[in-house]
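S.K.: Model the placement of chain F on the given structure of chain Z, informed by the hints.
As given, the protein sequences belong to chains Z and F, one line each in that order. According to the UniProt record's numbering, the first sequence is numbered sequentially starting from 1. According to the UniProt record's numbering, the second sequence is numbered sequentially starting from 1.
No lab work stands behind these hints, which were simulated from the structure alone. Heads up, some of the hints might be wrong.
Because identical chains cannot be distinguished in the list, a pair is counted as satisfied if it fits within a single copy or across any two copies.
Derived pair list, reagent style DSS-like, types lysine-lysine, alpha-carbon separation capped at 30 Å [claimed, not checked]:
| # | residue 1 | residue 2 |
| --- | --- | --- |
| 1 | Lys279 | Lys79 |
| 2 | Lys20 | Lys90 |
| 3 | Lys90 | Lys279 |
| 4 | Lys279 | Lys145 |
| 5 | Lys138 | Lys20 |
| 6 | Lys20 | Lys279 |
| 7 | Lys279 | Lys138 |
| 8 | Lys145 | Lys79 |
| 9 | Lys138 | Lys79 |
What follows is each chain in one-letter form.
There are 2 protein chains.
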Amino acid sequence: MIALIAGQGQLPVAVHRALKTAGRAHVIAAMGDVDPSLPDVQPFRVEQLGTFFAALTDLGVSQVCFAGAVARPQIDPSKIDAATLPLVPKIAAAMAGGDDSTLRVAISLFEDAGFEVTAAPQLVDGLLPPHGDLTAVKPSEGDIKDIARARDVHGALAGADVGQAVIAAHGQVLAVEALLGTDWMMQSLLQAAPAQDVADVFSDPLGFATDVLAGPIQDVPRWNPRLPEGGVLYKAPKAGQDLRIDLPTIGPETIRGAIALGLNGIAIGPNTQVLELDKTIAAASDGGLFLHVLA
Amino acid sequence: MIALIAGQGQLPVAVHRALKTAGRAHVIAAMGDVDPSLPDVQPFRVEQLGTFFAALTDLGVSQVCFAGAVARPQIDPSKIDAATLPLVPKIAAAMAGGDDSTLRVAISLFEDAGFEVTAAPQLVDGLLPPHGDLTAVKPSEGDIKDIARARDVHGALAGADVGQAVIAAHGQVLAVEALLGTDWMMQSLLQAAPAQDVADVFSDPLGFATDVLAGPIQDVPRWNPRLPEGGVLYKAPKAGQDLRIDLPTIGPETIRGAIALGLNGIAIGPNTQVLELDKTIAAASDGGLFLHVLA
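Chain Z on its own, in the form it takes in the complex (with noise of 0.2 Å):
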């Protein structure tokens, strides 16, 4: 028996499917909100881990894949009960950390409770595509040296525990991903605005936002001005991170976000996961975008 720890997003029901299709019992869980096509999950509180770690080996789950991004919970202490008691120490230093080592306490708490940590790609097959283009677009030499760029930075970040994304365009660095995440981080640059200009990125936002909601998204200008053309989003994971939790992933959605943002295209490195691959294959290849696969 294995148990989906979901979080956030798609992932997490790409999972579920893989599981269902070839046949394999499995019970899902989740500490926050999930998409509301898993059936029957189970709500469990940071609080109580130790009592939910006896519900699963009392079903039989010897098994644990995580999948899904999950906000770090805040710890309410008179909610913890006595099975959790000794798990607090390790609970309450992985609150105090960065995202990997919260996500290595995380997986060292399970394992010390008897499970296995599986990754999501050990259960989904074609999550992890084959490097080279995935789309007949390919990175022209320019976007060859913003991917470099963008890598050089993510590089630099080894060890830092920031984020898995970073954009570049001309050589220049548009942003960095931090807490937030790479959804967020192309949106922020869409619709934050110069400080002097608030008032004009504000006069028809809830047009604009229908427009980037909706489609066709290749017909959304670019919002904010200040950006230099073009551009390529490079994702992969951190130097040194588990890679049973938290691989890098992207999907339709990032390709939408990139077409929004007017980048070039989206180059990936090894453990980066694609979500629905054909659908985002395709939605590049519609927007014009290259999806490059680093080896």
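M.R.: Just chain F, lined up with the frame of chain Z:
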């Protein structure tokens, strides 16, 4: 005679005032829009840089001071004049690099033309504050950890030529400054929302924008519920940057943004300029923020 090469913001205004007060004759030149209070601004184009150098020399200029950010110009090859032709290879190289390499080339172009490049703090008294706490409020133990966290990320980016500022809260990195600068970075955190909540974010955008732009800023609620409480802004020169141009700068607007974002305070490194020091300290104090200068 000194030439003030003015960019955006209040720093060129401060340099102009200091030169005027000291009775030093100076000319003011600019490639783009500058604060309207600056008198007799001579526009120049990078395509006519050679002619501009000759004009400065004719005026008896021997020193130049760059002050304020300048957008990277678009070069129109048809506008390059004869006096600038010999400089084109260097100008092209500058355009292709990151900010620091661009600025290094800019400095060398002016030096090759016989000008001494002077940093703003050599002309404006008090632009670099003494180290220590400038406010009665001091960073807490948690703030000191967040300053160290932000500093680590800033340090990791040494040589990557990305940005001068990082925001951290509770050990998590909220933002890393990139192309669009510190004020934009803070504003983007305030305004941009999770992808699924665009409609919510824009439900009362004009009201929000008005609240942010008019006082009292302390009453503006934090806009983005995905951010942890508190946090610090750390700003310092990029490792290895030439300290004659583009020193990191904060001022009353930075304090305003930090208050709106709900930060606990600001820590700056050595060689970080503070515009309108008294006003900046007063704004931080009014907002309950610490303002700490690292040695």
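S.K.: None of the hints should be skipped; say for each whether it holds.
M.R.: Comparing the hints with the structure gives:
Taking the shortest Cα distances, Lys279 and Lys79 never come within 30 Å of each other, neither inside one copy (43 Å) nor across copies (46 Å). With identical chains, the CA atoms of Lys20 and Lys90 are never at most 30 Å apart, being 34 Å at best within one copy and 61 Å at best between copies. Taking the shortest Cα distances, Lys90 and Lys279 never come within 30 Å of each other, neither inside one copy (41 Å) nor across copies (45 Å). Taking identical chains as interchangeable, the C-alpha atoms of Lys279 and Lys145 lie at most 30 Å apart only when both belong to the same chain, with a minimum of 27 Å there against 44 Å between chains.
In this homomeric assembly, Lys138 and Lys20 never come within 30 Å of each other (Cα to Cα): the closest approach is 36 Å inside a single copy and 56 Å across copies. Taking CA atoms no more than 30 Å apart as the test, Lys20 paired with Lys279 passes inside one copy only; the shortest distance there is 21 Å, against 63 Å between copies. For a Cα distance limit of 30 Å, the shortest separation of Lys279 from Lys138 inside one copy, 18 Å, qualifies, whereas the shortest one across copies, 53 Å, does not. In this assembly of identical chains, the alpha carbons of Lys145 and Lys79 lie at most 30 Å apart only when taken from different copies (28 Å versus 52 Å within one copy).
Neither within a single protomer nor between protomers do Lys138 and Lys79 lie at most 30 Å apart by alpha-carbon distance, with minima of 54 Å and 33 Å respectively.
Going through the hint list in order, the structure does not satisfy hints 1, 2, 3, 5 and 9.
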